[in-house]
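Chemist: Sequence:
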Amino acid sequence: MEATPGRERLIEQFKADGLNVMFGNPGTVEQGFLDAVDAAEDFRYVLALQETVAAGIADGYARATGGAALLQLHSGVGLGNGIGMLYQSLRGHTPLVVVAGDAGVRYDAMDAQMASDLVAMARPVTKYATRVTDPRSVLRTVRRAVKIALTPPRGPVFVALPMDVLDELNSEPVLPATVPLTDVAPSPASVGRAAELLASAERPVVLVGDGVALSGAQRELVTVAELLGADVYEVDSSEVNIAASHPLRRGQTGHMFGPHSKELVGDADGVLIVGTYVFPEVFPELESPFRAGAKVVHIDLNAYEIAKNHPVDLGLAADPREALRALAGVLERRLTPQRRAAAAARLDVRTRERARSEGTAAEDDGTPMAVFLRTLAERTGGDLIVFDEALTTSPLVTRYLPAERPGDYHLTRGGSLGVGFPGAVGAKLARPDRLVVGFAGDGGSMYTYQALWTAARHGIDAKFVVCNNRKYRLLDDNIAQYWRERDIPEHGFPGSFDLSHPEIDFAGLARSLGAGGLRVEKPDEAVAAVGRMLSHPGPFLVDVQI
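So the sequence shown is numbered by this note's numbering: it starts at 412 and just counts up by one.
Treat the hints with care, as some may be off.
[As the list claims (entries may be wrong)] Cross-link-like lysine-lysine pairs, in silico, DSS-like; alpha carbons within 25 Å at most:
(1) Lys673 <-> Lys719
(2) Lys719 <-> Lys882
(3) Lys882 <-> Lys933
(4) Lys558 <-> Lys538
(5) Lys673 <-> Lys538
(6) Lys538 <-> Lys426
Please keep in mind that the hints were generated in silico from the structure rather than gathered at the bench. Remember, it's a predicted structure, so these values are computed and weren't measured experimentally.
Please build the complete structure, drawing on both the sequences and the hints.
Modeler: Written out as structure tokens, the structure reads:
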């Protein structure tokens, strides 16, 4: 094969792996590579104004496509900027292929400006991190990284690319990476044991996470939950693992306080955990939250997560869809008529409860946000993709725009702010045929507001909503819980939680970045704002006062 510069051959390797869009922010040490990118055919560079934004857009793109996304960062300083967002991708198992340049292997001994140990920086927030030092192994290393990113448990990977290595002639073959198939079914004996442990439960609970969505196991999950008559709680969950309208879905366990999760699962005598670890709270219970004698079965492709924090009776390292399908078959045969009747009765109770709650929640409270969301739901019929970083406003968002279909709802994860707006840009780029609306709090939006500029520059017609309560409201709620737990008298919230002054002109800021924007202060303004947003050609932001 004729030799060409490594920087050009690298682009061909990316294209062979279906990575023909790169998100990034340029820098001097990548200039030769980016010059080749500019000249490449059928390869697109999406420019962001800061690396955190580029990483967030790549994350949203990967989540919307279900595949990998390619992210370019600028050396150590750019990698440092992107680390917070890469942590989000790591916790959410987003398969990002992250590359960053450095000046060159020949300069390692000089310890010059921007010199840093990129691999050491990237390792805590990636599945795999390495540096190419031989021009004969550039494509080999990238293929390995792509394979690791896409092999469950998926996650971001990092490859440092020294400029002098990419400048060398390269004759490596361009071949697509081989990603191993992981649709592994458990043995009949282990499935039989799982059914035996769960079938006799009188108060069963199912705990699920995004491993269900990644496996495409939503239907199988519902079948098993209905056979058991089990409440379903979402744990480490940011995708649609079970439709919000299903009567057995009981919502999220939460990610802050362990006692809340313990309260939800503490009475269960049979627990099925699928596609998640337990529990992800910031302040978790150190002792097992499960009652003594409860039978616990844990299914996950990621064996590391099984029984990681609390003992289980049976752990199955298997694909959730294959395992749930097999479990449903065994339960169909083994459940006694009495157990079936009890499960059906539990399902009937939840169905009637859901019907009553939907009947009482039909009217909104007349606030600007409620009117805006109701109008948006009515105008779209719910046919849109929601990227939800509304946080304390999320319950209202999902009341009117419930997470029903896989791929139509993405929730923030990882604990840091700034995902909502760039995530919506990436999702819209991946799904240009769909309406995509990103929701973020006023505080969270300011972490990555430059994403609107990228949307305007590249003609990405995403829509954005600021849920504006002039504060970090989640911190208010969390410290109030902290006070209650420690018997500290309530008092004024810390001034560092307040964002009311000086006031941020979100609509004006959107317009300065090339997007449309308006502000909603009164309920009667909300209806017209939805119309403006939907009819505007290009990115548009609505600042809704709460």
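Chemist: Measure nothing beyond the straight line between the CA atoms of Lys558 and Lys538; if it is 25 Å or shorter, mark the hint as holding.
Modeler: Given pair Lys558, Lys538 holds - Cα atoms ~11 Å apart, limit 25 Å.
Chemist: Given the hinted pair Lys673 and Lys719, is their Cα-Cα distance within 25 Å?
Modeler: 17 Å, holds
Chemist: For Lys538 and Lys426, compute the direct alpha-carbon distance and say whether it is at most 25 Å.
Modeler: 22 Å, holds
Chemist: Holds or violated: Lys673 with Lys538, Cα cutoff 25 Å?
Modeler: 30 Å, violated
Chemist: Is the hinted pair Lys719 and Lys882 satisfied, with a Cα-Cα distance of at most 25 Å?
Modeler: The hint is violated at about 36 Å.
Chemist: CA of Lys882 to CA of Lys933, is that 25 Å or under?
Modeler: 19 Å, holds
Comparing the model with each earlier hint shows violations of hints 2, 5; every other hint is respected.
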